[in-house]
Each structure stands twice: as structure tokens, then as C-alpha cells.
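Student: Sequence:
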Amino acid sequence: MTESEVRKLLRQMKELDSQTAFRNFYNMTYNRLFRIAYYYVKQEEWSQEIVLDVFLKLWKQRSNLLDVRNIEDYCFILVKNASLNYLEKELKHTYIHPDSLPEPQEQSYSPEESLISEELFALYVKALDRLPERCREVFIRIREEKQSYAQVAEELGISTNTVDAQLQKAITRLKEMISRAEID
Numbered sequence: 001m002t003e004s005e006v007r008k009l010l011r012q013m014k015e016l017d018s019q020t021a022f023r024n025f026y027n028m029t030y031n032r033l034f035r036i037a038y039y040y041v042k043q044e045e046w047s048q049e050i051v052l053d054v055f056l057k058l059w060k061q062r063s064n065l066l067d068v069r070n071i072e073d074y075c076f077i078l079v080k081n082a083s084l085n086y087l088e089k090e091l092k093h094t095y096i097h098p099d100s101l102p103e104p105q106e107q108s109y110s111p112e113e114s115l116i117s118e119e120l121f122a123l124y125v126k127a128l129d130r131l132p133e134r135c136r137e138v139f140i141r142i143r144e145e146k147q148s149y150a151q152v153a154e155e156l157g158i159s160t161n162t163v164d165a166q167l168q169k170a171i172t173r174l175k176e177m178i179s180r181a182e183i184d
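Going by UniProt numbering, 169 is the number at position 169 of the sequence shown; the sequence numbering is gapless.
None of these hints come from the bench; they were simulated from the model. Wrong hints could be hidden among the right ones.
To be verified - Within a straight-line C-alpha distance of at most 16 Å, the following computed EDC-like cross-link-like pairs (lysine to aspartate or glutamate) qualify:
id: 1; residue 1: Lys126; residue 2: Glu45
id: 2; residue 1: Lys175; residue 2: Glu145
id: 3; residue 1: Lys126; residue 2: Asp164
id: 4; residue 1: Lys126; residue 2: Glu88
id: 5; residue 1: Lys175; residue 2: Glu119
id: 6; residue 1: Lys57; residue 2: Glu90
id: 7; residue 1: Lys42; residue 2: Glu90
id: 8; residue 1: Lys42; residue 2: Glu145
id: 9; residue 1: Lys169; residue 2: Asp129
id: 10; residue 1: Lys8; residue 2: Glu44
id: 11; residue 1: Lys126; residue 2: Glu3
id: 12; residue 1: Lys80; residue 2: Glu137
id: 13; residue 1: Lys146; residue 2: Asp164
id: 14; residue 1: Lys92; residue 2: Asp67
id: 15; residue 1: Lys89; residue 2: Glu137
id: 16; residue 1: Lys42; residue 2: Glu144
id: 17; residue 1: Lys57; residue 2: Glu88
id: 18; residue 1: Lys60; residue 2: Asp17
id: 19; residue 1: Lys89; residue 2: Asp53
id: 20; residue 1: Lys80; residue 2: Glu133
id: 21; residue 1: Lys42; residue 2: Glu88
id: 22; residue 1: Lys169; residue 2: Glu133
id: 23; residue 1: Lys60; residue 2: Glu15
id: 24; residue 1: Lys126; residue 2: Glu137
id: 25; residue 1: Lys169; residue 2: Glu137
id: 26; residue 1: Lys80; residue 2: Asp17
id: 27; residue 1: Lys14; residue 2: Asp53
id: 28; residue 1: Lys57; residue 2: Glu72
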């Protein structure tokens, strides 16, 4: 997804009230936003609900989206905040007996460490989205979904050597993109 493609879709959404442009924007960004929501809530159904709520909000704000300087970061923040709000609501509705809570760990993260962690995750998601489709698919299946090389090879109709090569290519490119982004 290039900045010019996104700007063109946002312009069409604003000026023409184009549902087709919005659908294209949705198709372009859904997977990335879903991964961000899933990172926070760790439940597929909740993540889907959160992302759909964010897209509803984006549709309602379509006339102002062209004013947003970085739509990618804006969407990331919307999903992050919606995920945290969703978790907070779920916690209020779920009673947990105090005896079932784990003992508190002494290790706690400072706000700075949390912010750095979130920024690195945002870089990771952006870099992952910029990988070639096959590399991204292999990487996600092996590293995030914990599938075996054989399982991925069978499902994608490729050899395990190709799976390994694609995974190594993905790892190398992710490292390069993330390290470049940290320098910039």
C-alpha cells in the first residue's frame, strides 16, 4: 500500500462518498489492523469486532481523513485504543475470584519500556505488511500461527526447502526494514 494509493482512496471516499473506495481501503488495511488488535486482546473474535468498529468510525469520519498526515499511524492508534478499551470493558464484566489470580511478578515495565515495545510492534507490523505476499504468508504461518514447515509446505503446495527459503528471506528483510526505520 503506497501513500498515493491511500490518498487517492481517501479523496474518493470524501468527495464521492465512494463505498467502493472504502471497500478497497478496507481490503488493503484489514489484515494489518486485525494483527494489531490481536496483539492486544489475543482473541480472534474480539479482534474482528474491534477492527470492524474502527472501520465504522473511519467511514463516519471519511470527510476528515484527508487531513490526517499519516493515516497508517492514525489507524494503528485507533485500533490500539479500541483494543485497550475493549479489554477494560471485558474486565469489568468478568468477575475473577481473588484466589484464582496469579501471584504478582516483581518485574514491571516502565511507561518508557511499554512505549518502546509498542513502537517496535508498530514497526514490525508495517515491515511485515511490506514483505512479498508469499514471504509474509510463510512467516505468519510459521512464526505467529506456529505451523510446522511440512504443514505450511503442504497447504501452500510448495517444498519444505522453499518454505525455509521464504522464511529466511522474510526474516532478513524484516531485520533490514526495522533497523532502517530505527535509524531514520
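Student: It remains to establish, for every hint, whether it holds in the given structure.
Tutor: Here is what the structure says about each hint:
For the proposed pair Lys126 and Glu45, the alpha carbon gap of about 23 Å is over 16 Å, so the pair is violated. For the given pair, Lys175 sits about 20 Å from Glu145 by alpha-carbon distance, which is inconsistent with the 16 Å threshold. Our distance criterion of 16 Å between C-alpha atoms is broken by Lys126 and Asp164, whose separation comes to about 22 Å. At roughly 26 Å between alpha-carbon atoms, Lys126 and Glu88 are farther apart than 16 Å, so this suggested pair is violated.
The straight-line distance between the Cα atoms of Lys175 and Glu119 is roughly 15 Å, inside the 16 Å bound, and the hint therefore holds. Distance check on the hinted pair: Lys57 and Glu90 sit about 21 Å apart at the alpha-carbon level, beyond 16 Å; violated. Distance check on the hinted pair: Lys42 and Glu90 sit about 13 Å apart at the alpha-carbon level, within 16 Å; holds. A C-alpha spacing of about 12 Å is found between Lys42 and Glu145, which places the hinted pair at or below 16 Å, so the restraint holds.
Distance restraint check for Lys169 and Asp129: the Cα-Cα separation of roughly 14 Å lies within the 16 Å cut-off, and the hinted pair is therefore satisfied. Proposed proximity of Lys8 and Glu44 is contradicted: the alpha carbons are some 31 Å apart, above 16 Å. A hinted pair counts as satisfied when its Cα atoms are at most 16 Å apart, and Lys126 with Glu3 qualifies at roughly 13 Å. Of the pairs offered as hints, the one joining Lys80 and Glu137 is violated, with about 23 Å between alpha carbons and a cut-off of 16 Å exceeded.
Restraint check: the Cα-Cα separation between Lys146 and Asp164 comes to about 14 Å, which is no more than 16 Å; the hinted pair holds. Restraint check for Lys92 and Asp67: the C-alpha separation of about 36 Å exceeds 16 Å, so the hint is violated. Under the criterion of a C-alpha separation no larger than 16 Å, the hint pairing Lys89 with Glu137 is inconsistent with the structure, at around 33 Å. Between Lys42 and Glu144 the CA atoms are separated by roughly 12 Å; this keeps the pair inside 16 Å, and the hint holds.
Simply put, Lys57 and Glu88 have alpha-carbon atoms about 19 Å apart, too far for the 16 Å limit, and the pair is violated. For the hint linking Lys60 to Asp17, the alpha-carbon distance of about 11 Å falls within 16 Å, and the restraint holds. Distance hint between Lys89 and Asp53 is fulfilled; the C-alpha atoms sit about 15 Å from each other, no more than 16 Å. The suggested pairing of Lys80 with Glu133 is violated, with an alpha-carbon distance near 25 Å, which exceeds 16 Å.
The suggested pairing of Lys42 with Glu88 holds, with an alpha-carbon distance near 14 Å, which does not exceed 16 Å. A threshold of 16 Å between alpha carbons decides the hint, and for Lys169 with Glu133 the separation of about 12 Å falls inside it, so the pair holds. Restraint check for Lys60 and Glu15: the C-alpha separation of about 14 Å stays at or below 16 Å, so the hint holds. Annotation: proposed proximity of Lys126 to Glu137 holds, straight-line Cα distance about 15 Å (limit 16 Å).
For the given pair, Lys169 sits about 12 Å from Glu137 by alpha-carbon distance, which is consistent with the 16 Å threshold. This hinted pair does not check out: Lys80 and Asp17 have alpha carbons roughly 27 Å apart, beyond 16 Å. For the hint linking Lys14 to Asp53, the alpha-carbon distance of about 19 Å lies beyond 16 Å, and the restraint is violated. Distance restraint check for Lys57 and Glu72: the Cα-Cα separation of roughly 15 Å lies within the 16 Å cut-off, and the hinted pair is therefore satisfied.
Of the numbered hints given earlier, the model fails hints 1, 2, 3, 4, 6, 10, 12, 14, 15, 17, 20, 26, 27; all others are met.
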